[in-house]
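Visitor: Here is how the chains run, residue by residue.
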Amino acid sequence: MNQHGIGMESKSVAVLKPLLLRNDPEFWPLLKSFTDAARDFGEMFLLSSLRKKAHARQVPVPGMVQQKIRLGIVGGSSVYPFHELLEHFCDVTGAPCEVWLGDYDNYISEILEENSGLYEFGPQAVLVIPPEKRCRYDGSLADSREAHETQARAVVTGLLQLAAKIHERSRAEVILSNFMLPARHDPGSYRSRTLGSDWSFRKWVNLELGLTAPSYVHICDLEFLAHRQGGVASRDERSWFESKQPCSPALLVEFAREAAHLVGSLRQPPKKVLVLDLDNTLWGGVVAEDGLAGIELGDTSPRGEAFKAFQNHIRSLKSRGVLLAVCSKNDHAKAKEVFVKHPEMVLRMEDIVSFKANWEPKSDNIRQMAAELNLGLDSFVFVDDNPAEIEIVRQFAPEVTTILLGPDASEYASQLQDCRLFEPRSLTAEDAERTSQYRSEVQRKALESSTTDMASYLDSLEMEAVISEFTAVDAPRLSQLINKSNQFNLTTRRRTEADIHTLMNDPDYVGFSVRLKDRFGDHGLISIVIGQKQNGTMKIDTWLMSCRVLKRQVEEEVLNELARLAAVRGCVRLEGLYLPTAKNEMVRDFYTRMGFTLLSESEQSREFERALEGYKPAPTKIRVVRRAFDTTS
Amino acid sequence: MNQAEVLAKLQGIFDTIFLEPVVVTPALTAKEVPEWDSLMQVSLVVTVEKSFGVHFRIGEVEKTRNVGEFADLILKRLEQP
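Those sequence lines, one after another, are chains W and C.
Quick note: the first sequence, position 543, residue 543 per our numbering, numbers continuous.
Position in the second sequence counted from 1, then plus 633, gives you our numbering.
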């Protein structure tokens with residue numbers, strides 16, 4: 001505990017107070033960044049009183065003064081001091097409000113009575129906070145599901161009727177908060193076996209509310225906010241009994257922040273363009289220094305995996321209609337090469353609407369993009385790991401929103417997911433159409449995969465394999481998988497990156513790798529084979545596979561490819577070797593399963609052979625989109 | 634901690650919470666401070682709990698009649714959490 005003053009609040013006060021006393025307009029942007037970072041009720045309250053002092057002293061507000069939104073707040077709990085926080089958030093995020101407050105638990109009459117204070121106020125938006133007690137099944141847990149559902153539906157209909165009344169009377173947009181779930185154990189695991197428990201009942205109501213509300217209703221998702229915060233931490237019984245607070249002080253802060261976000265989004269459209277830095281943003285390392293093979297990206301290192309996950313999230317934004325652009329201090333050809341050639345890149349050139357890799361200031365580049373795309377700078381968001389680049393853009397293109405990535409790549413995706421800049425508001429007719437097409441597709445798939453035999457399961461996975469000869473770019477990944485794979489590994493022969501390069505230059509060796517993806521995602525590089533040609537025999541020096549793709553027919557496709565490559569090189573038989581270790585028992589009989597014959601056996605090894613004459617490729621459910629040494633793609 | 638130390642720390646909290654300066658004395662009551670309404674009360678209690686690291690039981694803050702009694706309650710909850 002801090003024994004001096006009010007602890008952590010003091011930092012923001014120490015910074016803001018002198019600015020306030022000088023009437024310095026810098027007060028406002030700093031107040032906003034402290035507000036964005038603050039989670040604590042006490043600190044938020046202090047920031048709010050500083051804001052009020054600043055208004056009283058008429059500290060000049062930079063930029064255009066926004067017209068105030070007239071916001072009514074009504075509900076079944078006390079709206080003090082919630083409204084104070086809400087006004088604060090609205091004010092600092094550029095959507096200031098004039099607020100009208102309903103009385104505690106008087107919301108139904110305030111909404112239904114034609115001449116109520118709410119309508120005299122003339123609201124443009126009304127926040128309705130219904131109380132939990134109105135979302136509870138009043139019969140028995142053991143009642144029929146129909147009885148439970150009838151009452152749950154009545155709660156939804158009742159709330160939507162109130163919303164409709166508000167909209168009809170005042171044309172106001174309605175912000176409707178849904179219900180927190182209980183956080184106490186009672187009635188135990190039975191809670192999810194009946195719709196009569198508060199847990200299930202509220203989940204049902206929340207779900208139905210969101211799915212059926214008309215477009216003038218905006219759900220303030222308390223269930224989600226409390227989930228994010230933690231159920232127990234979101235409740236405070238004492239503050240309910242003492243002052244009818246709807247939740248704990250900590251959740252009250254997030255509740256107000258969210259409500260303000262919804263109020264603000266009535267005016268501010270979401271951002272349109274995401275501008276991305278490259279080195280240490282989309283991949284680890286610097287491509288101009290580390291080279292195509294040296295950058296960290298992809299499933300074989302944890303950090304590389306994090307960058308790939310970040311790219312995957314970025315691509316999901318693209319599919320939601322966000323435009324992607326690149327702005328990097330880089331050699332253009334080298335930067336582009338990664339998008340074209342790197343096997344683990346998720347984003348490709350065709351995903352990028354504007355690609356600026358040069359040595360000009362990034363603020364200039366982004367201005368140029370805005371001109372090319374005919375979009376305002378205020379619809380751009382710029383992401384970089386380098387604070388200096390962020391600062392340049394902040395200073396010279398201040399309309400652009402910037403995101404400075406933190407020090408840990410594993411948090412990049414979460415940072416973007418929490419930035420709140422690309423949230424869809426409603427679906428257009430076109431989106432809806434796309435959704436319905438997608439739905440019928442999903443139903444078709446569900447039907448297919450409901451057949452329980454293995455073949456139709458594999459079929460439904462829509463597997464695609466890319467088989468590639470060893471390449472310099474893959475060398476780090478190849479060596480890594482070779483050195484970590486233990487179980488499905490016939491010989492457990494380890495190799496360094498340098499060994500891989502040596503092997504690639506030796507005409508007697510043939511090595512290839514397999515990447516696999518299916519409709520649930522990309523498994524990356526999952527199998528490696530090395531063969532050594534000796535007279536008419538292809539000796540299988542290494543055959544290994546990642547265990548997560550067992551039973552997917554990858555082994556069969558690998559053998560098909562091995563047989564094909566051996567035949568091309570004039571071999572008439574394959575020779576397989578099993579070297580037992582403490583961990584590779586699972587492949588002891590692998591070669592016999594694959595149609596090989598046991599030649600010899602000792603404690604140290606087992607040798608197998610298979611003639612290639614008359615070899616027919618085994619049919620599989622994997623579509624091979626490229627084969628090794630395939631020069632056409 | 635004694636009552637005087639608690640009052641000194643409360644003065645710091647009052648200085649940041651209230652817009653107008655308020656001098657903390659044991660006899661001070663909410664009625665004497667125009668800004669000290671029910672809204673301010675909620676914020677004050679949350680801030681005091683956080684900065685002193687105490688948790689008041691239901692109803693007991695309401696029973697205190699002035700800042701001196703409030704300070705004594707803080708002392709009591711510091712001793713018996």
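Simulated from the structure, these hints should not be mistaken for lab results.
Predicted, not measured: the structure shown is a model, and the values here were computed from it.
Note that CB positions come from ideal geometry on N, CA and C, so glycine has one too.
Careful, some of the hints might be misleading.
Partial list, derived from the structure: chain C residues whose beta carbon lies under 8 Å from chain W [to be verified]:
#1 Thr-649
#2 Val-655
#3 Val-657
#4 Ser-671
#5 Val-675
#6 Ile-691
Visitor: Against each hint, give a clear statement of whether it holds in the structure.
Guide: Here is what the structure says about each hint:
1. Thr-649: holds, 6 Å
2. Val-655: violated, 13 Å
3. Val-657: Since chain W brings no Cβ nearer than about 14 Å to C/Val-657, farther than 8 Å, the hint is violated.
4. Ser-671: holds, 6 Å
5. Val-675: The hint holds - C/Val-675 has a Cβ within 8 Å of chain W, the shortest such distance being about 5 Å.
6. Ile-691: Holds: closest Cβ of chain W sits about 5 Å from C/Ile-691, inside 8 Å.
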